[in-house]
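Engineer: Produce the complete structure using the sequences and hints provided.
As you go down the protein sequences, you meet chains A and B in turn. At position 319 of the first sequence (counting the first as 1) the number is 305 in this note's numbering, and the numbers step up by one without a gap. For any residue, its number in this note's numbering is found by taking its place in the second sequence, counting from 1, and adding 73.
If you are wondering where the hints come from, they were derived from the structure by calculation, not from laboratory data. Note that this is a predicted model, so its numbers are computed, not measured. Here a beta-carbon is modelled for each residue, glycine too, at the ideal position from N, C-alpha and C. Keep in mind that the hints are not guaranteed to be accurate.
Cβ pair distances, simulated, as ranges [what the hints assert, rightly or not]:
{"hint": "1", "chain 1": "B", "residue 1": "453", "chain 2": "A", "residue 2": "290", "range": "48 to 54 angstroms"}
{"hint": "2", "chain 1": "A", "residue 1": "110", "chain 2": "B", "residue 2": "180", "range": "46 to 52 angstroms"}
{"hint": "3", "chain 1": "B", "residue 1": "359", "chain 2": "A", "residue 2": "271", "range": "41 to 47 angstroms"}
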Amino acid sequence: MSLLLRRNSSQLRLLLASGSKITRLASTDSSDVGEPSSSASAVPPTAAKLSNRQRQTPPAVPDAEIKKSVFISQSNDIFTNLALEDWLYKNFDFGHHHVLLLWANDPCVVIGRHQNPFTEANVSQLVERGITLARRNSGGGAVYHDRGNLNCTFFTPRERYDRKYNLNIVTRALFREWAIKAEINERDDIVIRNKKISGTAAKLGHPNSYHHCTILASANKLHLGESLVKEPANYISRATASVPSPIRNLVDVNPNVNVSQLLSAVGYEYLRTVATALEDGGNAQTMQQRGFQLINPTEKWFPGIEELRSNYSSWDWVIGKTPKFTVEKDLELKGDEQGMRLKLTVEVDAGLMKEIGIKLPHSDETVPVVTPLQGKAYNEQNLNGIMGALKLVSASNVKQAMNGSG
Amino acid sequence: MTTKMAINAKDIFRNQHRMIKFIAHSIRLCSNQSLKAAQAAQQQQQQKSSVDFEITASVDTQYTHAPEPIKHDKDLGHQFKASQLSVRLATPQQLQPKPDNDEELGFGRLFTDHMLKIYYHKSLGGWQKPEITPLENLVMHPAAKVLHYAVELFEGMKAYRGVDGKIRIFRPDMNMARMNLAAQRSGLPTFEGKEFVQCLSRLLSIDSEWVPHTDTASLYIRPTLIGIDPTLGVASSDSALLYTILSPVGSYFKTGSTGAVSLLADPAYTRAWPGGVGNRKMGSNYAPTINVQKEAASRGLQQVLWLYGEDHQLTEVGTMNIFMFYVNDQGEQELVTPPLNGLILPGITRDSILNMSRQWGKFKVSEANITMPMVCELLNQGRLLELFGAGTACVVSPVNRINYLGQDLYVPTMEQEKPVHELIRETLTDIQYGRVDHPWSVVID
Chain A
-13 MSLLLRRNSS QLRLLLASGS KITRLASTDS SDVGEPSSSA SAVPPTAAKL
37 SNRQRQTPPA VPDAEIKKSV FISQSNDIFT NLALEDWLYK NFDFGHHHVL
87 LLWANDPCVV IGRHQNPFTE ANVSQLVERG ITLARRNSGG GAVYHDRGNL
137 NCTFFTPRER YDRKYNLNIV TRALFREWAI KAEINERDDI VIRNKKISGT
187 AAKLGHPNSY HHCTILASAN KLHLGESLVK EPANYISRAT ASVPSPIRNL
237 VDVNPNVNVS QLLSAVGYEY LRTVATALED GGNAQTMQQR GFQLINPTEK
287 WFPGIEELRS NYSSWDWVIG KTPKFTVEKD LELKGDEQGM RLKLTVEVDA
337 GLMKEIGIKL PHSDETVPVV TPLQGKAYNE QNLNGIMGAL KLVSASNVKQ
387 AMNGSG
Chain B
74 MTTKMAINAK DIFRNQHRMI KFIAHSIRLC SNQSLKAAQA AQQQQQQKSS
124 VDFEITASVD TQYTHAPEPI KHDKDLGHQF KASQLSVRLA TPQQLQPKPD
174 NDEELGFGRL FTDHMLKIYY HKSLGGWQKP EITPLENLVM HPAAKVLHYA
224 VELFEGMKAY RGVDGKIRIF RPDMNMARMN LAAQRSGLPT FEGKEFVQCL
274 SRLLSIDSEW VPHTDTASLY IRPTLIGIDP TLGVASSDSA LLYTILSPVG
324 SYFKTGSTGA VSLLADPAYT RAWPGGVGNR KMGSNYAPTI NVQKEAASRG
374 LQQVLWLYGE DHQLTEVGTM NIFMFYVNDQ GEQELVTPPL NGLILPGITR
424 DSILNMSRQW GKFKVSEANI TMPMVCELLN QGRLLELFGA GTACVVSPVN
474 RINYLGQDLY VPTMEQEKPV HELIRETLTD IQYGRVDHPW SVVID
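Structural biologist: Structure, rendered in structure tokens:
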């Protein structure tokens, strides 16, 4: 038994550590590669940790032995689908069985693993409008999902990871079904006449890897634009930032496009293409595959998925994983006759307000503010609470405090 | 066991069995070597801890023999081959959603997305090319023989998802042999079992996601052969259809029960008779039992115990074979089941149990007639230990009560300390779910 422990200590350590938290699979040998997704783009992937550890590559599986399946998720809940993606990545054996997972979600905003939700979206407004906020496990930028957007996750063993292949499946499907000509640019985005219809992110672990991308079929562009507007404040953050990029729906190019047909088209293209090369095998190739399957991501079918889901939906993950940042907001104090432009600065770490202070514009000094709200979660309500309390403070108080301490 | 394990030697020692299972589960994705090492370690542990019965990964040919190869009719014609299989995959729109939980499942209510169909037409040379199609209705002429004379036979098998994620079926060669014997008796064409199992494997790999990823769920496989010749003459069918449908099953018995069943033993009803087809799995054997089952249910009993003859021999219970574990006249423990005398369906679970227990050699194993007077006498003397049914659906089904000639007989099956039926169930499920490497469990994925 000790032999087992030693040999598999890394796996065991991960599982012990995972407990109630989602961890990346062996942080030393996974790389979160983020390419910006639909409405945020053109940012080089930050914090891409590529593994240098030598792994014994298993002998390449011959093409004839690889069978493909297309899994279609029955759920439209972003957390459930993220949990399903994670479950498959952690538990499935893709050696002889490549899988394309197709899923669509109810309206939500999904940020990348290393992003700051507050710089990407107006978090409090999302809650008000019933749009879920979620953080995925792969890097990259923020996206808006709704039922008019199809997500594709291509699962393969690590040595078979091929992003270009996957993106070509999508462009071929679009052409075969609707004669839509789409291109793949050098950033691995799918574009139609210079506007993006898809964004990409990936996760390379061992032994499995996945590459997922979105396809904008008929998403609600108005909601999309409104959701990805950040909260009005000045943020100083080193998290991955999204840069807005012009996007387009497929339905703008061809009004016949709809998500269920797109699902079929991409699925069949995936099945009819040979597994190891970008060659069309036609109907004969499709017949050899395992075909389409509906997937119900519940505990009954996938034991352990409930735990993954509760991690993805937990505050600790969605907000708590935000890299440390500082936010500054203009303050209005009593008796601001002298025109002192004071700023409230809040340093937020792991989603909690750690250091709260008042800053003078002409000096770097910060007067610490003592409030019972320190250590609480950073959100609009708590922030307004601090600002409300500070309204009772006058400008002279602040000056005194500063001169006194200075 | 929580993942916060106290690295405490005492705790590890106490929980070593659970820890081995945990580790074996957590290294599922590792190379084959590691998995075998985990299983070897598990087997070693099981041998060290003083278990009376050992699982050996070998089949002793002294106690079992491969089923006889079937002799095909001279003018049967062409056989089908799995290499000719053509597949028509279901489109995404044709797929059926999977249910959320077991409560909606029942037994045989829901079916998977695809089916296997192989036609036989004497006029076209024999067996045609096998095909896998989306699950669809069958169309046949109203004079089709199956509808008039019950020219039909079927099989019951299960596919299990093993602890390593691979799908396994249990001794499929036995089901194939049994099916062919029944085909001969019904004037239906016989076929090559090996080819059929390969076609079945392809069907299972297409619908593999209908088997949940837990280690307690299974997929029920129902191969069926029907005579579709559209003529009313009572004669061999020149046309037939061999098809298979799959059904996800939850637990066989409703939750909340103790797991033991109560039986109605009424000598007025006979399931099978000498010279009949009690030993063949034909649909015509089952239709007459439905009303009797209803009668049992109305009397608050769960299954029917089928008796035969003046001496009220026990033959089968419900749709399962029956086993009795008792202390015999020589004072030794004995496991007995009725012999294959033509009234008894040669169950595969039955055969596996006989073989396994003979290999264990811990108690006497025999095939002999059991009668109700014998059962009553043994109960009076307190020598009857366990009574249980054995079948594919639930592996073993313990019996705790028999209603016989107006009297309630209580059988102490559930009151044994180390019940034999539990041991049998554990051993068989270990083999079926791949916890133990065994030639009986065939990996098809």
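Engineer: So, for every hint listed, does it hold in this structure?
Structural biologist: Results of checking the hints against the structure:
For residue 453(B) and residue 290(A), the hinted distance range of 48 to 54 angstroms is satisfied, since their beta carbons lie about 51 angstroms from each other. At roughly 51 angstroms, the beta-carbon separation of residue 110(A) and residue 180(B) lies within the given 46 to 52 angstroms, and the hint holds. As the Cβ distance of residue 359(B) to residue 271(A) is approximately 43 angstroms, the hint placing it in 41 to 47 angstroms holds.
Consistency with the previously given hints is maintained throughout, with no hint failing.
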